[in-house]
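For the protein sequence lines, the chains are A and B, in the order given. Residues in the first sequence are numbered consecutively from 1, following this note's numbering. Residues in the second sequence are numbered consecutively from 1, following this note's numbering.
It should be emphasised that the hints constitute simulated quantities derived from the structure, not laboratory data. The model shown is predicted, which means the values in this text are computed figures rather than measured ones. Every residue, glycine too, gets a C-beta built ideally from N, C-alpha and C. Check each hint, because a few of them may be wrong.
Covered by chain A, per the in silico footprint, the following chain B stretches (three or more residues, Cβ under 8 Å) [to be verified]: (1) 80-86; (2) 116-128.
Each computed PhoX-like pair below joins lysine-lysine, with the alpha-carbon atoms no more than 25 Å apart [said to hold, decoys possible]: (3) A/K338 - A/K185; (4) A/K154 - B/K172; (5) B/K114 - B/K91; (6) B/K91 - B/K109; (7) A/K251 - A/K264; (8) B/K8 - A/K338; (9) A/K185 - A/K154; (10) A/K154 - A/K264; (11) A/K236 - A/K264; (12) A/K154 - B/K8; (13) A/K154 - B/K114; (14) A/K236 - A/K338; (15) A/K236 - A/K251; (16) A/K251 - A/K285; (17) A/K47 - B/K91.
The calculated label-pair distances, taken between Cβ atoms and stated as ranges, are [as the list claims (entries may be wrong)]: (18) A/R189 - B/Q52: 23 to 31 Å; (19) A/H274 - B/T12: 23 to 31 Å; (20) A/P90 - B/Q139: 46 to 54 Å; (21) B/K172 - A/V192: 48 to 56 Å.
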Amino acid sequence: MSIEHFLNRSTTGWMNGEGEASDIVLSTRIRLARNVANYRFPTIFSKEEALEIKSQLIRAVEDDAFEVVEMNALSVLDRRVLVEKHLISPQLADREEAGAILLSGDEKLSVLVNEEDHVRIQSIYPGLQLEEAYERAMMIDDAIEEEVPYAYDKEFGYLTSCPSNTGTGLRASVMMHLPALTMTKQMQRVAVAVSRLGMTVRGSYGEGSEALGNIYQLSNQLTLGKSEEDIIEELKQVVLRLIAHERDSRKWLLQRSPIALEDKLYRSLGRLTHARLLASGEAAKALSDVRLGIDLGLIENVDMSVLNELMIFMQPAFLQRYANETLDANERDQFRAKLFRERLAFSKP
Amino acid sequence: MLCERCGKREATIHVKEETKAGMNEHYLCEPCAYTSNEQGPFQSSDQPMTIQQLLSNWFGISEGPSPQRMTYDKEETVCPNCQLSFQQFLKRGKFGCGTCYETFRPRLKSIFTKLHNGHTAHVGKVPQTFHATFAIERQIEEVREQMQRAVLEERFEDAALYRDEAKRLESKLQGGDHHVD
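With the hints as constraints, model all of the structure from the sequences given.
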């Protein structure tokens, strides 16, 4: 398998619509931050140190069937594509010589080398699968630890660049589609309540509380003083409460003004299937509506997996790779509209 | 003035962004300004607030002199491994290496208390190799005690055997295990 495969496929392991509560939870991500003992952290290490760490890690996972992708072997656009697939971070994409990503064949597991920390293990699963994603990340964590010594301290646990990750180095995140909670203006309250529990909720695309496409990411904030299992269990409990809350709000919306809601959602479908210019923000909003319409049984004949695919495909770098040319903003909107029309026309059963 | 990105439309929006290198200013048209915000989902998603701001607000890098700052400035602690000073750590919000934790240990408690809702110690996973290291360290201590007892009891041949055993375990720690400096 080659990197071409990762770059060309728009769908990725975490996007196949499987997993628990997949109508609301899009994906689950586990991230473990680790550093190699006796080396300075990536914020200040030398090029020699960076290269040594990179080769040590590549050697450590030799037997685990990973695709090794070094950042300097990829074009700027290809790196952006991997960012848009959530497989690497923009920070890693900028690390020309030192950075690398080790990818499992199903794209559910990756190891980011020399990002903010030497090692960032990341597993992404579709739907709500916190335990599964955690187990998978732990397996590779153990495997690396056998070969490469980690920076660890009896008192502080795993030592990370940023003090906000010290301890378990674990960030568990769940990406959720919460249109009804957003429409009924409850997300502000949710954010406050969640922060009291040592967690954060924020828009998954874009900055601040305004979430593009009503997609939010709920994650733990504390990494010290709690075991990995407790962090995951507490997060899961909050996710389950949010799911129940979202379902109640959907019911309420449907009862209160069924025609107005149906009209709104179908207009969005019309926009995606007929627009000639589609900006990414507009497309994200409309995608959210159509997704809600399918979940509520109002919209039929649209395949959810096509929506998932389009969510990834509509992003700028992906579009340009697909179009095989550089596109300015206006050309992108035009190309995006064309892509939506074609894909949604084909998706009808 | 034309938009600096597309060079086609009139620049109507002035964007200022703070970067590591300083303030960046851009003059863009509306469509380009909009798309320049098309950032990936990873953007700052791991950091809800900037740790640098948090640390400097709480732990004393303020413009004016504050009581907290005075006490920190008297003696500047510097990490012997990476040369990062405690002040630099507060300013950047990032450690330079594992030794920084050791160097700044007495001062970290108050920082972790703020960042982790009152928690200051790790209770989660322990690496397998650490279990092994701890076990060998304990074994060495035991063998040394036995050696001293043997010396006191004038069983010098036994003492020599214990000494060799302690040496063997020590070299095992240094060679076989990665976690010993």
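Consistency of the hints with the structure:
no.: 1; hint: 80-86; verdict: holds (count 3)
no.: 2; hint: 116-128; verdict: holds (count 13)
no.: 3; hint: A/K338 - A/K185; verdict: violated, 33 Å
no.: 4; hint: A/K154 - B/K172; verdict: holds, 21 Å
no.: 5; hint: B/K114 - B/K91; verdict: holds, 16 Å
no.: 6; hint: B/K91 - B/K109; verdict: holds, 17 Å
no.: 7; hint: A/K251 - A/K264; verdict: holds, 16 Å
no.: 8; hint: B/K8 - A/K338; verdict: holds, 24 Å
no.: 9; hint: A/K185 - A/K154; verdict: violated, 45 Å
no.: 10; hint: A/K154 - A/K264; verdict: violated, 56 Å
no.: 11; hint: A/K236 - A/K264; verdict: violated, 32 Å
no.: 12; hint: A/K154 - B/K8; verdict: violated, 59 Å
no.: 13; hint: A/K154 - B/K114; verdict: holds, 20 Å
no.: 14; hint: A/K236 - A/K338; verdict: violated, 39 Å
no.: 15; hint: A/K236 - A/K251; verdict: holds, 23 Å
no.: 16; hint: A/K251 - A/K285; verdict: holds, 20 Å
no.: 17; hint: A/K47 - B/K91; verdict: holds, 24 Å
no.: 18; hint: A/R189 - B/Q52: 23 to 31 Å; verdict: holds, 29 Å
no.: 19; hint: A/H274 - B/T12: 23 to 31 Å; verdict: holds, 29 Å
no.: 20; hint: A/P90 - B/Q139: 46 to 54 Å; verdict: holds, 48 Å
no.: 21; hint: B/K172 - A/V192: 48 to 56 Å; verdict: holds, 54 Å
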